[in-house]
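Chemist: Here the sequence shown is numbered in numbering that gives the first Met the number 0, starting from 0 and rising by one per residue.
Derived from the structure by calculation, the hints contain no laboratory data. What you are looking at is a predicted structure, and each value in this text was computed from that prediction instead of being measured. Yeah, the Cβ is synthetic: ideal placement off N, Cα and C, and Gly gets one too. Incorrect hints may have been included.
[Said to hold, decoys possible] Derived Cβ-Cβ restraints for the label pairs, each shown as a range:
{"id": "1", "residue 1": "30", "residue 2": "85", "range": "13 to 23 Å"}
{"id": "2", "residue 1": "26", "residue 2": "90", "range": "19 to 29 Å"}
{"id": "3", "residue 1": "22", "residue 2": "186", "range": "33 to 43 Å"}
{"id": "4", "residue 1": "101", "residue 2": "136", "range": "18 to 28 Å"}
{"id": "5", "residue 1": "168", "residue 2": "38", "range": "17 to 27 Å"}
{"id": "6", "residue 1": "42", "residue 2": "187", "range": "17 to 27 Å"}
{"id": "7", "residue 1": "124", "residue 2": "30", "range": "21 to 31 Å"}
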Amino acid sequence: MNTFTTAVIAVTAIASMSSAQVWPNIPGPMRHVMIGLDSATGELTAHIDPGAPAEMQQYPGQVYSGAASVLNDTYYNSQYGWLNDGFVDPGAGNAIWIEAISVSSGLNVYEGGMRPMAAMHSYAPIQGTAGSSAAWIWGGTMTHNWYAADSLGNYEATYNIYVGDAATGAPVSGFTTAQVTLAFTAVPSPATSATLGALGLVAARRRRT
Numbered sequence: 000m001n002t003f004t005t006a007v008i009a010v011t012a013i014a015s016m017s018s019a020q021v022w023p024n025i026p027g028p029m030r031h032v033m034i035g036l037d038s039a040t041g042e043l044t045a046h047i048d049p050g051a052p053a054e055m056q057q058y059p060g061q062v063y064s065g066a067a068s069v070l071n072d073t074y075y076n077s078q079y080g081w082l083n084d085g086f087v088d089p090g091a092g093n094a095i096w097i098e099a100i101s102v103s104s105g106l107n108v109y110e111g112g113m114r115p116m117a118a119m120h121s122y123a124p125i126q127g128t129a130g131s132s133a134a135w136i137w138g139g140t141m142t143h144n145w146y147a148a149d150s151l152g153n154y155e156a157t158y159n160i161y162v163g164d165a166a167t168g169a170p171v172s173g174f175t176t177a178q179v180t181l182a183f184t185a186v187p188s189p190a191t192s193a194t195l196g197a198l199g200l201v202a203a204r205r206r207r208t
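From just these sequences and the hints, can you work out the full model?
Modeler: In structure tokens form, the structure reads like this:
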């Protein structure tokens, strides 16, 4: 077998492996929590435009690749993201921390990143999920984490955003804090809703006959 043939086979194998990978769906438009910091006054702000709760959906039959498998058989959403509102500089040795202070039972959070780059996300449990620390260090760039639940229903997560030591997460004096609440509702998938609707129609027809 010559070198060219070997190279072609290798490239084909890699392409086949890549095409076989399945990553989570990215439904709905992005909704950002805008984080601002006035370095002169130490005022930290967080704002998100009002809107309906983000809908978490389940995608039956999909099995996700690698670490993304934590989302298998769950209702999930990644619309909410953290984004800097202008130039945010907490100072040398400091970072912006986002701490979960109130989370509905059954709501889990996994670390994400840029939405289109799902294959590069860590999917590590954060903000209290699976025994992780309630405080999560934000890298300062647009980050869309994954929010997931096992059951239908309404969920909320309230976060305290503060400037803390980059290594320990201990709050740093001289800065204000901000809070924001994210709302979710886990709803049946479109396929499930259509199936239930069809079954209901069949049942109604049987009752009339």
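Chemist: Looking back at the hints listed earlier, which ones does the structure fail to meet?
Modeler: 2, 3, 6
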